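Sequences listed follow chains P and X, in order.
Counting along the first sequence from 1, when you hit position 63 you're at 63 in the working numbering, and nothing is skipped either side.
Counting along the second sequence from 1, when you hit position 51 you're at 51 in the working numbering, and nothing is skipped either side.
Calculated from the structure, these hints are not laboratory results.
Among the hints, a few may not be true.
List time: in silico SDA-like cross-link candidates among lysine to any residue, alpha-carbon distance up to 20 angstroms [as the list claims (entries may be wrong)]:
| hint | chain 1 | residue 1 | chain 2 | residue 2 |
| --- | --- | --- | --- | --- |
| 1 | X | K57 | P | L30 |
| 2 | P | K21 | X | H4 |
| 3 | X | K2 | X | E82 |
| 4 | P | K13 | X | E85 |
| 5 | X | K66 | P | E24 |
| 6 | P | K2 | X | N37 |
| 7 | P | K57 | X | R39 |
Quick list of simulated restraints, FRET-style, between CB atoms [stated by the list, open to error]:
| hint | chain 1 | residue 1 | chain 2 | residue 2 | range |
| --- | --- | --- | --- | --- | --- |
| 8 | P | E81 | X | G26 | 16 to 24 angstroms |
| 9 | P | E85 | X | R51 | 42 to 50 angstroms |
| 10 | P | K2 | X | G26 | 18 to 26 angstroms |
| 11 | P | K83 | X | D75 | 13 to 21 angstroms |
Since the model is a prediction, treat every value here as computed from it, not as a measurement.
Ideal placement from N, C-alpha and C gives every residue a C-beta, glycine not left out.
These are the residues of each chain, in order.
Number of protein chains: 2
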Amino acid sequence: MKYHAKVIVTLRKSILDPQGKAVEHGIHSLGFTSVENVRVGKFIEFDFEARTYEDAKQLCTEVSDKLLANPVMEDFTFVVEEKRERSQ
Amino acid sequence: MKYHAKVIVTLRKSILDPQGKAVEHGIHSLGFTSVENVRVGKFIEFDFEARTYEDAKQLCTEVSDKLLANPVMEDFTFVVEEKRERSQ
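Pulled out of the complex, with its shape left as it was, chain P reads as follows (with noise of 0.2 angstroms):
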């Protein structure tokens, strides 16, 4: 079965985020003052196969804890969904 993951890693509340800062400046430098806390964080999608949909979401799991997130720093989660073919 065709599996589609949509993935965000974002940083943890605890840690600064610089970025976060430097977009909120411009967003304010556009006008908008009343916007805070803008925090940045990476999405991630891909799509891969997988037997059952317990096993699609352990491969996200895996492949979120171990190459798309830095868990001293960051959090993530995710979605995944069946991919149906066109023809279907």
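Let chain P serve as the given structure and place chain X on it in line with the hints.
Leaving out everything else, chain X in the frame of chain P:
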């Protein structure tokens, strides 16, 4: 009213994604060889004030279009949620 926005910025399908290719190579090295079509994007979240939900969506659209995404190469999607204070 306080709102919380989550914005995802992705490269358009027609634009090559070398960062995604590099991540794909890394995932293959971990042994997950069925993974393909890896695409890397940005995730940005922030809090802000707006009078109505319509105003909140409008602010998100403007911020995404003018600052977070490069409309020539990137697409964006966002979710806006009302932020409830803990005291309520």
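So, going through the hints one by one against the coordinates:
1. X/K57 with P/L30: Holds, because 16 angstroms separates the two Cα atoms, which is no more than 20 angstroms.
2. P/K21 with X/H4: holds (16 angstroms)
3. X/K2 with X/E82: holds (6 angstroms)
4. P/K13 with X/E85: Holds, at roughly 18 angstroms.
5. X/K66 with P/E24: The given pair, whose Cα atoms are some 13 angstroms apart, holds under the 20 angstroms limit.
6. P/K2 with X/N37: Distance ~12 angstroms between P/K2 and X/N37 Cα, so the pair holds.
7. P/K57 with X/R39: holds (18 angstroms)
8. P/E81 with X/G26: 16 to 24 angstroms: holds (23 angstroms)
9. P/E85 with X/R51: 42 to 50 angstroms: Between P/E85 and X/R51, where Cβ atoms are some 45 angstroms apart, the hint holds.
10. P/K2 with X/G26: 18 to 26 angstroms: 21 angstroms Cβ-Cβ, so the 18 to 26 angstroms window holds.
11. P/K83 with X/D75: 13 to 21 angstroms: Since P/K83 and X/D75 have Cβ atoms about 19 angstroms apart, the given range 13 to 21 angstroms holds.
Of the numbered hints stated above, none is contradicted by the structure.
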